[in-house]
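*Asks:* Residues per chain, in single letters:
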Amino acid sequence: MILSIQNVTKRYDKHVAVDHVTFDVPKGSVFGLLGPNGAGKTSLIRMITTITGPDEGEIRLDGEKLNDRTPEQIGYMPEERGLYKKMKVGEHLMYLAQLKGLTEKNARKEIDTWFEKFGITDWWNKKVEELSKGMQQKIQFITTVVHKPKLLILDEPFSGLDPINTTLIKDEIRALNEAGTSIIFSTHRMEQVEEMCEHIVLINRGKNVLFGEVNTIKNEFKQNLYRIETPDTLPADFGDKFQIMPTSNGYITVQLDNEHQSGELLRYLVQQNIHVTRFQEILPTFNEIFIRRVEETQN
Amino acid sequence: MSKLQLIIKREYLTRVRKKSFIIGTLLAPVGLLVYFLVIVGLTKYESGGEINVVVQDEAGVVGIIPDEKGVRYIPSGGRTLEQLKEAVTEGQYDGVLRIPKLASLKQNDLTIFYYSDKKMAPEKREFIERRIANKVRDYKIDSLHLDRASLEYLDTDVSIDPEKITEKGEDESKYTIGVGLVIGGIMAFIMFFMVMMYGQMVMRSVMEEKTNRIVEVMMSSVRPFQLMLGKIIGAGAVGLTQVVAWIVLSGAVMFVVPLLVDVDPQAMQAPVAAGQPQIDPEMAQGEAFRVFSELGKQNWTLLVGSFVIFFLGGYFIYSSMFAAIGSAMGDDYGEGQALVLPVTIPIILAFYIVAFVGIRNPDSGLMVFASMFPLFSPIVMPFRMAFSPPMWQIILSLVLTIGAAFFFVWMAGRIYRVGILLYGKKVSFKEIGKWLFY
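Protein chains in written order, with this note's numbering: chain A, 237 to 535; chain B, 9 to 446.
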């Protein structure tokens, strides 16, 4: 485990921002930290990054309790980003890299490597305010990863990026992950979760409401829905035998009692000599799981 | 380099390299230079050029007056007033000065008349009045058969020279107070200026970091306390740099001015002084000597040493409060004004105490209290230092100031840590109070 959150609670005044949350982030994984606005994600991230401390519970990074050296092992890109506008890009990166514990020499070396990778070697003496927003995002990304952190925490990393830069950053994240960096993604964009994450935790109202592997969760949440595509008309008694779900897209969706019933359905269709062009189990999207779970726990 | 050092370095360098800082630092002494040149130029300027005045002395008091300060006195030579007026109209003279007869030697009030269609410059008018008054005085002395030398003895310059009774007290002279006021005043002013200007600079910088959201990135690398402390120390170092630069440059200006213009020490005095008996150069030298000996009498090691400590104490107390206020404020500076006021009031109050009470009596009860109270002491005590207050008061004040500095920095750290990460909330003092115990 790269990160282990044990029974962590954080209170502000009377408000409980994080309420006895427990989960683990496997080493080398891409992990989704999900939840609606105000669920307690930022409070949780702030505890992991040692900006604040938990009132109860324990957080361990790579088996070690959080300590003064923890910040040097974590790279955090907050959703609300910022840089010193008047500083030169090179100096700014040197400053943040050194604050993360790099020596001057190493910082310079790492920054040069990233500049080359992004093809921005001539940016060193530019002022931050001279850069476009997308360019600033690139710099922000470098500041997050320049010290080679074990754990990368990215809060909505693609917001405000154009498709080209999104791909660029996405590729870099993948490369870092392949090189062994564990990554925590905090996002609302569920298609990104499905695309990138292997594990997720869903937080709502400060509580852990869903945790596990993406594929396992999808299977858990499936409602035994099957889609049938056919040019033929279904027999009149079809509706008595199977429950047809109302759909808007013209396909026939059937909800079965359990997954073993799918054979029965297929057999019936064959017996009735229905020409089936497509037969498919419908797995829930993460969007649906997210909304369902949040609504369930709201009550 | 430690994180704190890195922060201090950045805070210092980014400010010192700013154009506004460089311009401000260089321009202030240049402004001073221009100011002095203008003053010197103005005092050397004489209004109106020379005028010719024909004097009709009906009283027979003035005799012959030598030409002085752009005024030429011409005797009437027995001509009547009408003839003289005509001569003025013809342009021979600028005006006629008629001195009527004195009613008696007891007359204390004499009106003399000046006939002309042109106005006389106030400066010349004053000068002529004084000159005639002196002449009348001489006339009276002669008429009353008074001994001029004896009269000189009547004027006595009285000054109190404080002397201590016991040995441990040090001898003071009349210069002690004056020199003390100047030294104390300068120190109080520097303190006031630095605390106000650089304290607020810290506040704005904290606000800026909060509004442009860099703070969240910073917080994941350093402790909030490190960032706050680094900022305070960095800005303070900038302030010291500026003050030292100003002192050096001003010193250079003071040295350069006399070389650029030929400054007559007498000319630096206001024109009112003109015509009064000249100060004996030997006496003037004695005066300067006594001022210098008074300066020498000050315990400079103690004075400068404690000034530095008070400066640091006061700066830390106030700039940490400003930092805390800045962290609690949102991007709306106007809204935050209500929070700033309670911090600026004590500084201004301390300055007023010095300006209105300290100057009249540096050892009054209020001054003693104010020099102990940590919010006032950094400004009030350096002022009192020049008047050699009792040692126990200095030490107590120093201890209280240092203690308060630590306390305020600690307290500000507690507030800053919470405030800096809080957005979109209007904050009251009650709310800030709660943060102390988070």
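Note that these hints are calculated values from the structure, not bench results.
We put the CB at the ideal spot given by N, CA and C, even for glycine.
Some hints could be false.
Each computed BS3-like pair below joins lysine-lysine, with the alpha-carbon atoms no more than 27 Å apart [to be verified]: (1) B:K442 x A:K363; (2) A:K443 x B:K26; (3) B:K442 x A:K324; (4) B:K172 x A:K250; (5) B:K17 x A:K362; (6) A:K369 x B:K442; (7) B:K143 x A:K362; (8) A:K324 x B:K27; (9) B:K114 x B:K126; (10) A:K321 x B:K442; (11) A:K362 x B:K148; (12) A:K301 x B:K11; (13) A:K322 x B:K442; (14) A:K341 x B:K442; (15) A:K341 x B:K17; (16) A:K324 x B:K93; (17) B:K26 x A:K322.
Label-pair distances were calculated between CB atoms; the ranges are [as the list claims (entries may be wrong)]: (18) A:F457 x B:M419: 48 to 54 Å; (19) B:I194 x A:K322: 31 to 37 Å; (20) A:E456 x B:S10: 49 to 55 Å.
A short list of chain B residues far from chain A (calculated; beta carbon distances all over 10 Å) [what the hints assert, rightly or not]: (21) I15; (22) R18; (23) E76; (24) G86; (25) Y122; (26) S124; (27) D150; (28) L152; (29) M226; (30) V230; (31) P232; (32) P350; (33) P354; (34) F381; (35) L429.
*Asks:* Hint by hint, where does the structure go against what was stated? Just the numbers, ascending.
*Replies:* 1, 2, 3, 4, 6, 7, 9, 10, 11, 13, 14, 16, 21, 22, 29, 30, 31 and 35
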